[in-house]
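Visitor: Taken in order, these protein sequences are the chains called F and A.
Quick note on numbering that gives the first Met the number 0: the first sequence kicks off at 0 and runs consecutively.
Quick note on numbering that gives the first Met the number 0: the second sequence kicks off at 0 and runs consecutively.
Warning: the hint list may mix true and false statements.
As a list, the in silico BS3-like pairs of lysine-lysine whose alpha-carbon atoms are at most 30 Å apart [said to hold, decoys possible]: (1) 495/F to 84/A; (2) 478/F to 495/F; (3) 84/A to 255/F.
Derived Cβ-Cβ restraints for the label pairs, each shown as a range [to be verified]: (4) 269/F to 68/A: 20 to 26 Å; (5) 44/A to 494/F: 22 to 28 Å; (6) 52/F to 44/A: 23 to 29 Å; (7) 137/A to 494/F: 30 to 36 Å; (8) 389/F to 63/A: 53 to 59 Å; (9) 246/F to 64/A: 55 to 61 Å; (10) 137/A to 252/F: 57 to 63 Å; (11) 80/F to 79/A: 41 to 47 Å.
For the record, the hints were derived by calculation from the structure and aren't laboratory data.
Note that CB positions come from ideal geometry on N, CA and C, so glycine has one too.
Read off the chains here:
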Amino acid sequence: MTISGAAVNQLFLAQSIDDRIAEVLDPISSAIEGVVFYSVSVAGVDLPLIVLWLVSAGLFFTVYLGFLNLRGPKHALELVRGQYTNPDDAGEVTHFQALATAVSGTVGLGNIAGVAVAITLGGPGATVWMIIAGFLGMSSKMAECTLGVKYRRERADGTVSGGPMYYLERGIAEVTGRVRAGKTLAILFSISCIGGSIGAGNMFQANQATAQIIAVTGGADSPIVALRWVVGLVFAILVGAVIIGGIKSIARVTEKLVPIMAATYLLAAVVVIGANLPAVPAAFAEILRSAFAFDSVTGGIIGALIVGFQRAAFSNEAGIGSAAIAHSAVKTSHPSTEGHVALLEPFVDTIIVCTMTALIIVISGAYLDEAAGELGGVALTSAAFETVLPWFPNVLAVAVIAFAFSTMLTWSYYGMKATGYLFNDSETAETVFKVLFCIFVIVGASLALGPVIGISDSMLFLMAIPNVLGMYIMARLIKREILGYRARVLSGEITKVEQV
Amino acid sequence: MPRVVLVGVDGGDASKRAVTFARERATELGASLVLAHVIPWSPYSFTTPEENEARPKRRQAELAAANEQILEPMGALVGDTVPHKSVARHGDRAELLIALAREHDADHIVVGRTGDGRLRTAVFGSVPSHLIQIADVPVTVVP
Chain F
0 MTISGAAVNQ
10 LFLAQSIDDR
20 IAEVLDPISS
30 AIEGVVFYSV
40 SVAGVDLPLI
50 VLWLVSAGLF
60 FTVYLGFLNL
70 RGPKHALELV
80 RGQYTNPDDA
90 GEVTHFQALA
100 TAVSGTVGLG
110 NIAGVAVAIT
120 LGGPGATVWM
130 IIAGFLGMSS
140 KMAECTLGVK
150 YRRERADGTV
160 SGGPMYYLER
170 GIAEVTGRVR
180 AGKTLAILFS
190 ISCIGGSIGA
200 GNMFQANQAT
210 AQIIAVTGGA
220 DSPIVALRWV
230 VGLVFAILVG
240 AVIIGGIKSI
250 ARVTEKLVPI
260 MAATYLLAAV
270 VVIGANLPAV
280 PAAFAEILRS
290 AFAFDSVTGG
300 IIGALIVGFQ
310 RAAFSNEAGI
320 GSAAIAHSAV
330 KTSHPSTEGH
340 VALLEPFVDT
350 IIVCTMTALI
360 IVISGAYLDE
370 AAGELGGVAL
380 TSAAFETVLP
390 WFPNVLAVAV
400 IAFAFSTMLT
410 WSYYGMKATG
420 YLFNDSETAE
430 TVFKVLFCIF
440 VIVGASLALG
450 PVIGISDSML
460 FLMAIPNVLG
470 MYIMARLIKR
480 EILGYRARVL
490 SGEITKVEQV
Chain A
0 MPRVVLVGVD
10 GGDASKRAVT
20 FARERATELG
30 ASLVLAHVIP
40 WSPYSFTTPE
50 ENEARPKRRQ
60 AELAAANEQI
70 LEPMGALVGD
80 TVPHKSVARH
90 GDRAELLIAL
100 AREHDADHIV
110 VGRTGDGRLR
120 TAVFGSVPSH
130 LIQIADVPVT
140 VVP
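Just need the whole structure built from these sequences, with the hints factored in.
Guide: Pasting the structure below:
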């Protein structure tokens, strides 16, 4: 095989840029990572405190709100089906649309790659802990999305938006009277949200989508290997066309493609599980056994628990505050309605999608393969599906690209709103952010991430510090809001709308 | 009880003929008219966060445009001799026309024959044919 001079040049150039960026970012990255992902050792396994921070928030709100993650979904489904929506509000943003927008920003690589990573590192039992973390995450989602709607801003021009920056500023001032404390947390949140949006919401997605394109076009022999930046450029142009150029048709195609791919993914999962139906009980037994085992090589119960919790937190973003931005746009007169609807998000994302992926990986035995560790994320999931559906890797590649693209679009919005908050809705600042966002698409696709992703992951989880802190401060208000609403539904003060 | 005829309008020539037809019928029967325009919309469509943010504003603009560009000219066509009111709302065209007919106690629905393309009609069916299939009051389609 011969490589053209230009390609070598390109490769060299890319590598040297990569190296130079790495050189500059490495110390910064490890410093921030060291703080955000500060870990304590539990039974020989590293437990990052930020994971504990997120899980305990979920546990707190689960108990404090009286297990609404169990009691709430029924009402949530009624809300999503429009049974409480006033017909005069036709044409406004529905509960379904707010939920779907939030889900399309969350479902993605975390579900496809995250589960595989969890099972590789923590054994099949990690699935159980992922599900439990997803279940707890439902409560934090409910809390943050209720706040998101309650303190959103309805501007004079008729646009509506909200998110942690607004509820931290106004909510904390209202509850404690400390205006500066709320403002400080809101600013801290906004800065980390911009970082998270450019990192986890952009570079990581661009990188993984590019990796997937390379994998299906021949892996290391793929002609694209040396042209990663071109793939990045194409993505950047598409993203730019939507977020700067306002070309809606691309966004519309994505909106339609993502649910279709998600449905295809779930359908394929059902087919694979169906083809292995006799093996399902044994797979469940193995998942349960290793979840509580003390003897496992992967660290047993502690290892499974930590890895499972960590991956679930990465996957459903509960407590991070991002989804509260997407949920805030809904048309409702009761903030708690969207809190209820938000319960469904971790349920779909972590409990349904992740459990199915996990079952398939366990049934196929793909994780037992010696190479499983090297295969890692998406490739392991792909290999597991391939055992029954040989054509699946191509479909999965399309799904990964569609998910990555929609996640980029959603996160560009989150970053833009955070920028808007910091710069008083200045259009110039928002445009600068959008241009930067597009540039980082190319960077993310071209580089072998390393330190860059370290920073962006840290920024993503940094969002959880001000957000969860604010949620604790406003916990009584959240409880009053949600339980008060439920009492009014129970008493019949708030009733279903008669369907004509 | 005074009779009410609901006319589904979209601003096209067929709608004008439908309104003219309904006005003549209403004059004969001493009925009143409800001019209804449906802005196609689904509560289950997938939207981007930007669209959601701007939705309340766009909805107002859509309703204003429906009133100014469709309902007012159609109302002018009815004139002062027949009592009429007009309504614009978002939803599925056929289903919402039926719901509006119930809401206004209309016992007759009149629509113009729409000029949907062949492919569109083949895939989704036309609004009039859908209406005829599911309406619980007589439907007149004016060519």
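Visitor: Are the Cα atoms of residue 84/A and residue 255/F separated by 30 Å or less?
Guide: The hint is violated at about 38 Å.
Visitor: How does the Cβ-Cβ distance of residue 389/F and residue 63/A compare with 53 to 59 Å: does it lie in that range?
Guide: Because 55 Å falls inside the window, the suggested range holds.
Visitor: Return holds or violated for the Cβ distance of residue 52/F and residue 44/A against the range 23 to 29 Å.
Guide: violated, 37 Å
Visitor: Given the range 30 to 36 Å, decide if the beta-carbon distance of residue 137/A to residue 494/F lies inside it.
Guide: Once the Cβ atoms are compared, 33 Å apart, the range 30 to 36 Å for residue 494/F and residue 137/A holds.
Visitor: Could you check the hint for me, namely that residue 246/F and residue 64/A are 55 to 61 Å apart, CB to CB?
Guide: violated, 22 Å
Visitor: Could you say whether the range 41 to 47 Å given as a hint is met by the Cβ separation of residue 80/F and residue 79/A?
Guide: holds, 44 Å
Visitor: With 20 to 26 Å as the target window, see if residue 269/F and residue 68/A comply at their CB atoms.
Guide: Once the Cβ atoms are compared, 48 Å apart, the range 20 to 26 Å for residue 68/A and residue 269/F is violated.
Visitor: Is the Cα-Cα distance between residue 495/F and residue 84/A 30 Å or less?
Guide: holds, 28 Å
Visitor: So if I understand the rule, the pair passes when the alpha-carbon distance is 30 Å or less; does residue 478/F with residue 495/F pass?
Guide: Holds - the C-alpha atoms of residue 495/F and residue 478/F are around 23 Å apart, at most 30 Å.
Visitor: Go ahead and decide if the range 22 to 28 Å is satisfied by the Cβ distance of residue 44/A to residue 494/F.
Guide: holds, 27 Å
Visitor: Just tell me: holds or violated, for the beta carbon distance of residue 137/A and residue 252/F against 57 to 63 Å?
Guide: violated, 42 Å
Going through the hint list in order, the structure does not satisfy hints 3, 4, 6, 9, 10.
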